[in-house]
Amino acid sequence: MHSSTILGASRTPFLIIIALISLAAGYGLSQFRATESPDTPIAIPLKAATLLEPPKVLKNDFQLSDHDGRPFNLDSLQGHWSFIFFGYTHCPDVCPITLKIMQSAWKKIPHHNGEVKLYFVSVDPDRDNLDILKRYTRYFDPSFIGVTGKADEIDRFTNQLGILYGFEDKDEKTGAYVVNHSAHIILLDPEGRWRAVLSPPFEAENIASDFQQIRNHFGD
Amino acid sequence: MSMRSIIVFTLALLLSLPLSASELHVEKAYVPEAPPVAPVMAGYLDLVNPTSSPITITGVQSPMFEQVEIHSMSMKDSMMHMEQLKQLTIPAHGKVSLDPGGYHLMLIKPKKAFHSGDMIGITLLLANGEKISLKLPVKDQHTQDHSHH
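Protein sequence lines correspond, in order, to chains V and A. Counted the way this note's numbering counts, the first sequence spans residues 1 to 220. Counted the way this note's numbering counts, the second sequence spans residues 1 to 149.
If you are wondering where the hints come from, they were derived from the structure by calculation, not from laboratory data. Glycine included, each C-beta is placed from N, C-alpha and C at the ideal position. Mixed in with the good hints, there may be bad ones.
Here are the simulated DMTMM-like pairs of lysine to aspartate or glutamate, each with C-alpha atoms no more than 20 angstroms apart in a straight line [said to hold, decoys possible]: (1) A:86 - A:140; (2) A:76 - V:169; (3) V:107 - A:140; (4) V:150 - V:68; (5) A:109 - V:169; (6) A:109 - V:203; (7) A:86 - V:126; (8) A:86 - V:172; (9) A:139 - V:126; (10) V:170 - A:140; (11) V:173 - A:46; (12) A:131 - A:23; (13) A:86 - V:169; (14) A:86 - V:171; (15) A:109 - V:155; (16) A:139 - V:169; (17) V:59 - V:189; (18) A:109 - V:152; (19) V:173 - A:83; (20) V:56 - V:155; (21) V:107 - V:141; (22) V:108 - V:131; (23) V:108 - A:140; (24) A:112 - V:220; (25) A:28 - A:140; (26) A:135 - A:118; (27) V:59 - V:152; (28) A:109 - V:131; (29) A:109 - V:168; (30) V:47 - V:189; (31) A:76 - V:168; (32) V:173 - V:115; (33) V:170 - A:66; (34) V:56 - V:141.
Computed footprint of chain V on chain A; a stretch qualifies when at least three of its residues, placed anywhere within it, have a C-beta under 8 angstroms from a C-beta of chain V [to be verified]: (35) 92-99; (36) 114-127.
Isolated chain V, as found in the complex (with noise of 0.2 angstroms):
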């Protein structure tokens, strides 16, 4: 069994990113989808979403870099609602299958406008270069964004958003490393706050209907 490292020494400990992320998830991602509680401030009947109510307001202290070399940060989140996936082009698993069912969401999510964009942030910025970024997230979908940008950038983008990844040992043969990260889904509204996250395992269906109710109930 190996355990997780993290590369480089500018890194947060793991252990520390766990407790941080602990916290937050206390704080932030109590149920709200069921409808029948007394207690829901919000009735919306949700699959795949949990609400955070209310909307948990981000930091603007990341400075990532777009698939076209266009700086992603905070202001770039900003009058469009957002989807946004955590993962590496390494992935054989969890971020295809990911991508291609947002894919089919997105047949159902009208987007042509902007209104809505899907990015996919890559937490392996040391195998994931912009253009291999590009050409991998534009593959499910021209309108789809890559995302990276510098380990310590990356950190302080993920640890707002409960987001955890780590680093197994490099294979001693061929280098190659695996990289566990979570496979949520994160949703922002168009003032860029943190306003649902979505689980696996995923369905087009339900993601693509629980995105209309909450857009529908909260508005743009």
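Assemble chain A onto chain V, guided by the hints.
Chain A alone, transformed into the frame defined by chain V:
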């Protein structure tokens, strides 16, 4: 019929038999199409062992990839963890499914871009020395439909 042609005929018959006498059955094998730039692909299949003794796979090879590994996926500390398996045993009268989100073949560094409709040849190496050759179709789909259990 001359003796010589009988020998030739018998040899041809023998050679046309499968090289492997293994009882391992493979079902629902496929490789989802991946972005051409993707450095890895996944392979999925069901391994059925109808015999009364376990069958162990000790390795997987493909001339189309630099390396092939068997991986398990599991949710741990709210992260998806991937782990390489050195071997995979299919119990007697049992079945092991390599499915999206679970076990999968990790096909590392494709030597060309594969598209839906292509076939990928792989060989399963068994602990008893047998080899099973398979062809996995590349499909433009990532998930089988799990919504109607």
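Against the structure, the hints:
Taken as a hint, the residue 86 of chain A and residue 140 of chain A pair is broken in the structure, with Cα atoms around 29 angstroms apart against an allowance of 20 angstroms. Taking the CA atoms of residue 76 of chain A and residue 169 of chain V, the gap is near 17 angstroms; set against the 20 angstroms cutoff, the hint holds. The suggested pairing of residue 107 of chain V with residue 140 of chain A holds, with an alpha-carbon distance near 16 angstroms, which does not exceed 20 angstroms. Distance restraint check for residue 150 of chain V and residue 68 of chain V: the Cα-Cα separation of roughly 16 angstroms lies within the 20 angstroms cut-off, and the hinted pair is therefore satisfied.
The straight-line distance between the Cα atoms of residue 109 of chain A and residue 169 of chain V is roughly 19 angstroms, inside the 20 angstroms bound, and the hint therefore holds. The suggested pairing of residue 109 of chain A with residue 203 of chain V is violated, with an alpha-carbon distance near 29 angstroms, which exceeds 20 angstroms. About 27 angstroms separates the Cα atoms of residue 86 of chain A and residue 126 of chain V, which puts this hinted pair outside 20 angstroms; it is violated. A threshold of 20 angstroms between alpha carbons decides the hint, and for residue 86 of chain A with residue 172 of chain V the separation of about 15 angstroms falls inside it, so the pair holds.
Note on residue 139 of chain A and residue 126 of chain V: the hinted pairing is violated, with a Cα-Cα distance of about 30 angstroms set against a maximum of 20 angstroms. This hinted pair does not check out: residue 170 of chain V and residue 140 of chain A have alpha carbons roughly 31 angstroms apart, beyond 20 angstroms. At roughly 29 angstroms between alpha-carbon atoms, residue 173 of chain V and residue 46 of chain A are farther apart than 20 angstroms, so this suggested pair is violated. For the proposed pair residue 131 of chain A and residue 23 of chain A, the alpha carbon gap of about 12 angstroms is at most 20 angstroms, so the pair holds.
Note on residue 86 of chain A and residue 169 of chain V: the hinted pairing holds, with a Cα-Cα distance of about 16 angstroms set against a maximum of 20 angstroms. A distance of roughly 13 angstroms separates the Cα atoms of residue 86 of chain A and residue 171 of chain V; the hinted pair therefore holds under the 20 angstroms criterion. For the suggested pair residue 109 of chain A and residue 155 of chain V, the alpha carbons sit about 28 angstroms apart, so the restraint of at most 20 angstroms is broken. Of the pairs offered as hints, the one joining residue 139 of chain A and residue 169 of chain V is violated, with about 32 angstroms between alpha carbons and a cut-off of 20 angstroms exceeded.
With a CA separation close to 14 angstroms, the supplied pair residue 59 of chain V and residue 189 of chain V stays within the 20 angstroms bound. Annotation: proposed proximity of residue 109 of chain A to residue 152 of chain V is violated, straight-line Cα distance about 28 angstroms (limit 20 angstroms). Using a Cα cut-off of 20 angstroms, the hinted pair residue 173 of chain V and residue 83 of chain A holds, with the two alpha carbons roughly 16 angstroms apart. Our distance criterion of 20 angstroms between C-alpha atoms is met by residue 56 of chain V and residue 155 of chain V, whose separation comes to about 17 angstroms.
The straight-line distance between the Cα atoms of residue 107 of chain V and residue 141 of chain V is roughly 10 angstroms, inside the 20 angstroms bound, and the hint therefore holds. Taken as a hint, the residue 108 of chain V and residue 131 of chain V pair is broken in the structure, with Cα atoms around 28 angstroms apart against an allowance of 20 angstroms. At most 20 angstroms may separate the alpha-carbon atoms for a hinted pair to count; residue 108 of chain V and residue 140 of chain A meet this at roughly 19 angstroms. Taking the CA atoms of residue 112 of chain A and residue 220 of chain V, the gap is about 44 angstroms. The hint is violated against a cut of 20 angstroms.
Taken as a hint, the residue 28 of chain A and residue 140 of chain A pair is honoured in the structure, with Cα atoms around 14 angstroms apart against an allowance of 20 angstroms. With a CA separation close to 10 angstroms, the supplied pair residue 135 of chain A and residue 118 of chain A stays within the 20 angstroms bound. Our distance criterion of 20 angstroms between C-alpha atoms is met by residue 59 of chain V and residue 152 of chain V, whose separation comes to about 15 angstroms. Between the alpha carbons of residue 109 of chain A and residue 131 of chain V the distance comes to roughly 18 angstroms, so the proposed pair stays at or under 20 angstroms and holds.
Between the alpha carbons of residue 109 of chain A and residue 168 of chain V the distance comes to roughly 19 angstroms, so the proposed pair stays at or under 20 angstroms and holds. As the CA atoms of residue 47 of chain V and residue 189 of chain V are separated by approximately 18 angstroms, the hinted pair is consistent with the 20 angstroms bound. For a cut-off of 20 angstroms, the pair hint linking residue 76 of chain A to residue 168 of chain V stands: about 14 angstroms separates their Cα positions. Annotation: proposed proximity of residue 173 of chain V to residue 115 of chain V is violated, straight-line Cα distance about 46 angstroms (limit 20 angstroms).
Under the criterion of a C-alpha separation no larger than 20 angstroms, the hint pairing residue 170 of chain V with residue 66 of chain A is consistent with the structure, at around 17 angstroms. Taken as a hint, the residue 56 of chain V and residue 141 of chain V pair is broken in the structure, with Cα atoms around 28 angstroms apart against an allowance of 20 angstroms. Residues of the stretch 92-99 of chain A lying with their CB closer than 8 angstroms to a CB of chain V number 0, which falls below the three-residue condition for coverage. A stretch counts as covered by a chain when three or more of its residues have a beta carbon under 8 angstroms from one of that chain; for the stretch 114-127 of chain A and chain V the count is 0, and the coverage is violated.
Hint violations for this structure: numbers 1, 6, 7, 9, 10, 11, 15, 16, 18, 22, 24, 32, 34, 35, 36, all remaining hints satisfied.
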